[in-house]
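> Here's the letter readout for the chains.
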Amino acid sequence: MILPLDRAVAELVRDGDTVAMEGFTHLIPVEAGHEVIRQGRRDLTLVRMTPDIVYDRMIGAGCARKLVFSWGGNPGVGSLHRFRDAVGNGWPRPLELEEHSHAGMANRYAAGAAGLPFAVLRGYAGTDLVGRTPTIKPITCPFTGEELAAVPALNPDVAIVHAQRADRAGNVQMWGITGVQKEAVLAADRALVTVEEVVDTLEPVPGQVVLPSRVVTAVSPVPGGARPSYAHGYYVRDNDAYRAWDAVSRDRDRFTAWLDDEVFGAAGRPGAPDRAHGEDREEQTA
Amino acid sequence: MTATESLPSPSAADADEVMTVTAARALADGTSCFVGIGLPSTAANLARRTHAPDLWMVYESGTLGASPATLPLSIGDGELAETADSVVPVTEVFNYWLQAGRIDTGFLGAAQIDRFGNINTTAIGDYDAPAVRLPGAGGAPEIAASCGRVIVIVRQTPRTFVERVDFTTSVGHGSGPGDRERLGLRGAGPVRVITDLGVLEPDPRTRELVLTSVHPGVTAERAREATGWDLALAPDLATTPAPEPHELAVLRSLTGRG
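These protein sequence lines are chains H and Y, in that order.
For the record, in the first sequence the residue sitting at position 207 is 207 according to the working numbering, with numbers rising by one throughout.
Start counting at 1 in the second sequence, then tack on 1000, and there's your number in the working numbering.
Some hints could be false.
Examples of chain Y residues lying across from chain H (beta carbon under 8 angstroms, computed) [stated by the list, open to error]:
{"hint": "1", "residue": "Gly-1065"}
{"hint": "2", "residue": "Asp-1077"}
{"hint": "3", "residue": "Pro-1089"}
{"hint": "4", "residue": "Phe-1094"}
{"hint": "5", "residue": "Tyr-1127"}
{"hint": "6", "residue": "Ala-1137"}
{"hint": "7", "residue": "Phe-1167"}
{"hint": "8", "residue": "Thr-1168"}
{"hint": "9", "residue": "Gly-1184"}
{"hint": "10", "residue": "Thr-1206"}
{"hint": "11", "residue": "Gly-1256"}
Derived list of chain Y stretches under chain H, where covered just means 3 residues or more per stretch with a C-beta under 8 angstroms from a C-beta of chain H [as the list claims (entries may be wrong)]:
{"hint": "12", "stretch": "1023-1036"}
{"hint": "13", "stretch": "1054-1064"}
Calculated directly from the structure, the hints in this document are not laboratory data.
As the structure is a computational prediction, the values presented were derived from the model and not from experiment.
Note that CB positions come from ideal geometry on N, CA and C, so glycine has one too.
Based on the provided sequences and hints, a complete structural model is requested.
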């Protein structure tokens, strides 16, 4: 089902949901995150291996009650200041944390995608994450007796990812670094995929991942929807924007003004330059 | 930068450059290396361009055998995917490559490191009311556990080099001999900690980090003052060989300095 982004978010994302927006540096669904902010979603449990600037914005905007994650930083730049303010000072509201390692998170998604209750890995031994995170438990291998770590499956209410292309039937194609997006989509009850473009036919690309339409609830055409991250074959990562976020996010007032201008304001509205929300495509496909 | 005092100008290396060159030299040609972003990535890319052209760099984004022409800002830059031998899902890089023991060297940074090489990248102070909330674990716990060996690259200050880390994100040598074996950690753990002042290595008997080398122009006393525990000196304390001009030239072509 191809929907404009605002309608897709309205229909798929509900207050109190567990939401996983994935993308490992590449294909980060930034514009979908902005739409969640615009629609004022609250009490979300946000799940993501690498909550970077898009979760920093959602946390600062007050969307999140809890964060399930493994690395919360601005990649190559430093800290996430809205995340730190929420953890340290409860601004704009307290943020509960459930933290794992990347290996643990990836395996939790894989278990969720496989319909298993938990995943097993050789990890966490001797770390303070073991006592701190209730979703890490020891388990003994029934065959060798080796002590390993068990982590429960992640099954988000909704997964949101960005991809390069979809066809008009809603089959999705992505390539380049594809992270855990396939696992997140298959683990979730509902999946929203924003795409650079909708095409008649998905031409094969080396290294591609194709998500069949039957596991995709909605596709929204959002050209540039991964900026300032990148979409392999479409545009490159805007490293300056990540650096610039550091100063914007350090200060509550400056952040709030940024939200007003860039997300709620004219620049963030559907149809604004470089922020198309799919209306054109919707008209074409209607 | 006092570390540079005894080095010849005009190409004098600063302390970070000595650290990066020393780290690059620790990577043998033909080996595999799990590379984090920042100083580890700079050092690994320098090694590939100097003595180790067949260093096989793995980034946790799933790029195996990446050979970027420029330094990436993030672990998932497009340049890494375009130049990689293979791009695999994140589940595969952690399960099939790291956990299965296919990576020789893990390269880690640290916000805190203690006398047994345990690493904190989670929080400074109390976890529930942290003085500084750090990014968290990322790939580090399993890199520290499963790579054949670990090299840590971190600037040396008393705030960073502490008696005991506030939070053990990644296990080094635990609280001493036998801990890694008891925990079932398969790799050797930190074998070298390379700083802007010198090099620390675990004592083979006690597993405590001792100073084995000081960089040119740095005194052992200065390294001890920059350490939050009573840092022992190796009996055969060495002076780190200064960066060669060609190493510095390549490093500066990567970082854009000079």
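> Taking the hints in turn, state whether each one holds.
The hints, checked one at a time:
Proximity of Gly-1065 (chain Y) to chain H is violated relative to the hint, the smallest CB-CB distance being about 14 angstroms (cut-off 8 angstroms). Nearest Cβ of chain H to the Cβ of Asp-1077 (chain Y): about 6 angstroms, under the 8 angstroms cut. The hint holds. Satisfaction of the interface hint for Pro-1089 (chain Y) is found here, the shortest Cβ-Cβ separation to chain H being roughly 6 angstroms, below the 8 angstroms cut-off. At about 4 angstroms, the closest approach between the beta carbon of Phe-1094 (chain Y) and any beta carbon in chain H falls short of 8 angstroms, and the interface hint on this residue holds.
Using the Cβ-Cβ criterion of 8 angstroms, the hint placing Tyr-1127 (chain Y) at the interface with chain H is satisfied: the shortest such distance is roughly 6 angstroms. For Ala-1137 (chain Y), the interface hint holds, the least distance from its beta-carbon to any beta-carbon of chain H being 4 angstroms, beneath 8 angstroms. The criterion of a C-beta within 8 angstroms of any C-beta in chain H is met by Phe-1167 (chain Y), whose closest approach is roughly 5 angstroms, and the hint holds. At its closest, the beta carbon of Thr-1168 (chain Y) sits 5 angstroms from a beta carbon of chain H; the interface hint therefore holds under the 8 angstroms criterion.
Interface restraint check: Gly-1184 (chain Y) against chain H, minimum CB-CB distance 6 angstroms, threshold 8 angstroms, status holds. Checking Thr-1206 (chain Y) against chain H by beta carbon gives a least distance of about 18 angstroms; that is not within 8 angstroms, so the hint is violated. Because the smallest distance between the Cβ of Gly-1256 (chain Y) and any Cβ of chain H comes to about 13 angstroms, over 8 angstroms, the interface hint for this residue is violated. Check result for the stretch 1023-1036 of chain Y against chain H: violated, 0 residues qualifying (beta carbon to beta carbon below 8 angstroms, three or more required).
Judged by the Cβ-Cβ criterion of 8 angstroms, the stretch 1054-1064 of chain Y is covered by chain H as claimed, because 4 of its residues qualify and three suffice.
When held up to the earlier numbered hints, the structure conflicts with 1, 10, 11 and 12 and fits the remainder.
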